[in-house]
Amino acid sequence: MSDSAYTLAELLICAGSEAWRGDGEVLATGIGLLPRLAASLSMLSSNPDLMMTDSEAYLLSEPNPVGGRGADFRPKYETWMGFSRIFDNVWGGKRHAMVGPTQIDRFGQANISCIGDPAKPKAQMLGVRGFPGNSISHANSFFVPSHNTRVFKAGECDMVCSIGYNPARLPKGYSLDEVDIRLVVSDLCVMDFGGLDHQIRLRSLHPGITAEKVQENTSFPVFVPDDVVTTPAPTEAQLAIIRRMDPHNLRSRELKDNPPGDRR
Amino acid sequence: MDKTMSSADVVGRLQSGMTIGIGGWGPRRKPMALVREILRSDLKDLTVVAYGGADVGMLCAAGKIRKLVFAFVSLDFIPLEPYFRLARQAGSIETMEIDEGMFLLGLRAAAQRLPFLPTRVGLGTDVLARNPQIKTIVSPYADGRELVAMPALDLDAALLHVERADARGVCQVSGPDHYMDDVMARAAKETFVSCDELVDSSFFADPARAREVFWERAETTGVVHIPGGAHPSSCSPMYGFDTAHFKAYAASAGEENGWQAYMEKFVAGGEAHYQQQVGGLDAIRALPLPTY
Numbered sequence: 018m019s020d021s022a023y024t025l026a027e028l029l030i031c032a033g034s035e036a037w038r039g040d041g042e043v044l045a046t047g048i049g050l051l052p053r054l055a056a057s058l059s060m061l062s063s064n065p066d067l068m069m070t071d072s073e074a075y076l077l078s079e080p081n082p083v084g085g086r087g088a089d090f091r092p093k094y095e096t097w098m099g100f101s102r103i104f105d106n107v108w109g110g111k112r113h114a115m116v117g118p119t120q121i122d123r124f125g126q127a128n129i130s131c132i133g134d135p136a137k138p139k140a141q142m143l144g145v146r147g148f149p150g151n152s153i154s155h156a157n158s159f160f161v162p163s164h165n166t167r168v169f170k171a172g173e174c175d176m177v178c179s180i181g182y183n184p185a186r187l188p189k190g191y192s193l194d195e196v197d198i199r200l201v202v203s204d205l206c207v208m209d210f211g212g213l214d215h216q217i218r219l220r221s222l223h224p225g226i227t228a229e230k231v232q233e234n235t236s237f238p239v240f241v242p243d244d245v246v247t248t249p250a251p252t253e254a255q256l257a258i259i260r261r262m263d264p265h266n267l268r269s270r271e272l273k274d275n276p277p278g279d280r281r
Numbered sequence: 423m424d425k426t427m428s429s430a431d432v433v434g435r436l437q438s439g440m441t442i443g444i445g446g447w448g449p450r451r452k453p454m455a456l457v458r459e460i461l462r463s464d465l466k467d468l469t470v471v472a473y474g475g476a477d478v479g480m481l482c483a484a485g486k487i488r489k490l491v492f493a494f495v496s497l498d499f500i501p502l503e504p505y506f507r508l509a510r511q512a513g514s515i516e517t518m519e520i521d522e523g524m525f526l527l528g529l530r531a532a533a534q535r536l537p538f539l540p541t542r543v544g545l546g547t548d549v550l551a552r553n554p555q556i557k558t559i560v561s562p563y564a565d566g567r568e569l570v571a572m573p574a575l576d577l578d579a580a581l582l583h584v585e586r587a588d589a590r591g592v593c594q595v596s597g598p599d600h601y602m603d604d605v606m607a608r609a610a611k612e613t614f615v616s617c618d619e620l621v622d623s624s625f626f627a628d629p630a631r632a633r634e635v636f637w638e639r640a641e642t643t644g645v646v647h648i649p650g651g652a653h654p655s656s657c658s659p660m661y662g663f664d665t666a667h668f669k670a671y672a673a674s675a676g677e678e679n680g681w682q683a684y685m686e687k688f689v690a691g692g693e694a695h696y697q698q699q700v701g702g703l704d705a706i707r708a709l710p711l712p713t714y
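Each protein sequence line maps, in turn, to chains A and B.
Residue numbers 18 to 281, in our numbering, belong to the letters of the first sequence in order.
Residue numbers 423 to 714, in our numbering, belong to the letters of the second sequence in order.
No wet-lab data here; the hints were simulated from the structure.
We treat Cβ as the ideally placed atom computed from N, Cα and C, and that holds for glycine.
Certain hints may be false.
What the hints assert, rightly or not - Derived EDC-like pairs (lysine to aspartate or glutamate); straight-line CA-CA distance at most 20 Å:
hint, chain 1, residue 1, chain 2, residue 2
1, A, 189, B, 568
2, A, 93, A, 66
3, A, 137, B, 568
4, B, 466, B, 612
Said to hold, decoys possible - Listed next, with one range per pair, are the computed distances between beta-carbon atoms:
hint, chain 1, residue 1, chain 2, residue 2, range
5, B, 562, A, 184, 54 to 62 Å
6, A, 95, B, 712, 34 to 42 Å
7, A, 228, B, 511, 19 to 27 Å
Could you build all of it, start to finish, from the sequences and the hints given here?
Pasting the structure below:
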């Protein structure tokens, strides 16, 4: 196995972990297996000051590996963090979550509640959960395992669960600059909302993916700057941490057919 | 003082049309035996307020819910609650869909006997557009900012499950999280708590145990001793949730007359019959705790 034989899941974990670089002491929450591994990787490499929970009720001084952990495993607890305290943290703003919306629109508004008319949805999903509070309180990044025009949809989300850069919805006395959407990590690329007037902007393309392909799979215009780079391949050190945090290789089951990271 | 009663006594104190809070979170520490007692009753047109799991799904399936106040309904490892989905997609229940934290603020407002609590949460989202009854206000101070006035979620009754309680209503949650159960108890006119073990008051004499009590006994109206009463949800650290049972329950939603079959097999025959059908109390108490 050569150094370049990394999987797409591993590439996305590494690209996602960049979201927390430079954040300092905030609670990193990665919803779903790959975002959780991305947060774990960041805490063990690019940002050791991060805080993370055990996905239940405690902060850990070192992230727990995912999956079964054996009878003798002892989590490194440091602080009780039940759900009521999570909201204390959220509203104080010292958090950066990476979440997986079902729909994202051109304003960066996101939906996990339902598809279709919310009065009688075609497909009911989870509900708005904590999206409204997260989006108005702290930094958020998005993880999209399948980049397509249904996720990056035309118009607005069917149920707008999180505030984005939509002037028409901006509450009185607020500025769009207070909305803090960071990275959008998909299976094709990394984007942000750093274009003119918060337009979605391409930052890096995964190896073998073109800007045209990204645009074809996005229902609204993506700003493509001149300096788009290729998403860096995972380093050996990063892969070693990922293997330690995911000893059962659960990551291999997250993306359909577990594709290679380099699709050239 | 003796607040012990039966689950039938609890349901006897509830009425159709009431607003009922159900404690726990998703598949965790739900007062499921009390929910089953409601399923067997004539109660209807309930407004249910819950961080929902199978409690909400079952009450939807049985047609008990007129209106649901929710932020999510999920079994966690089965992300989409099957009977809740069916009810929503049929448009058969009214909803007030709000953020998880707004939900907490609504309960806190009720607990503090306030009409609302201000928050930024909900601004800019369809939570406001879909709930015109939720108003915004403008800060009376120099910032002049718009804020959501999250209305109080006043509950006629709250149903909770804990590990241990005494007859006076002192309740212990030694598991990792008491969720919002304490606020729910305070937000309700009457709070009924089922417990896995009924203990003597001396149990709480140890300050370490007293630290595991999150609301005062004055907030507890009734105590129902139902060992295993959270099943199929978890009651950590006593038992985990029953993944096999939840899978069969979820599968039943895709089968013809699936809910009636579930009701007949598990619910209709009473709680003793239920426990027999799921393998008995020893089997419940042996369910492993989940790994997150």
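Hints versus structure:
no.	hint	in the structure
1	A/189 - B/568	5 Å, holds
2	A/93 - A/66	15 Å, holds
3	A/137 - B/568	30 Å, violated
4	B/466 - B/612	19 Å, holds
5	B/562 - A/184: 54 to 62 Å	26 Å, violated
6	A/95 - B/712: 34 to 42 Å	21 Å, violated
7	A/228 - B/511: 19 to 27 Å	38 Å, violated
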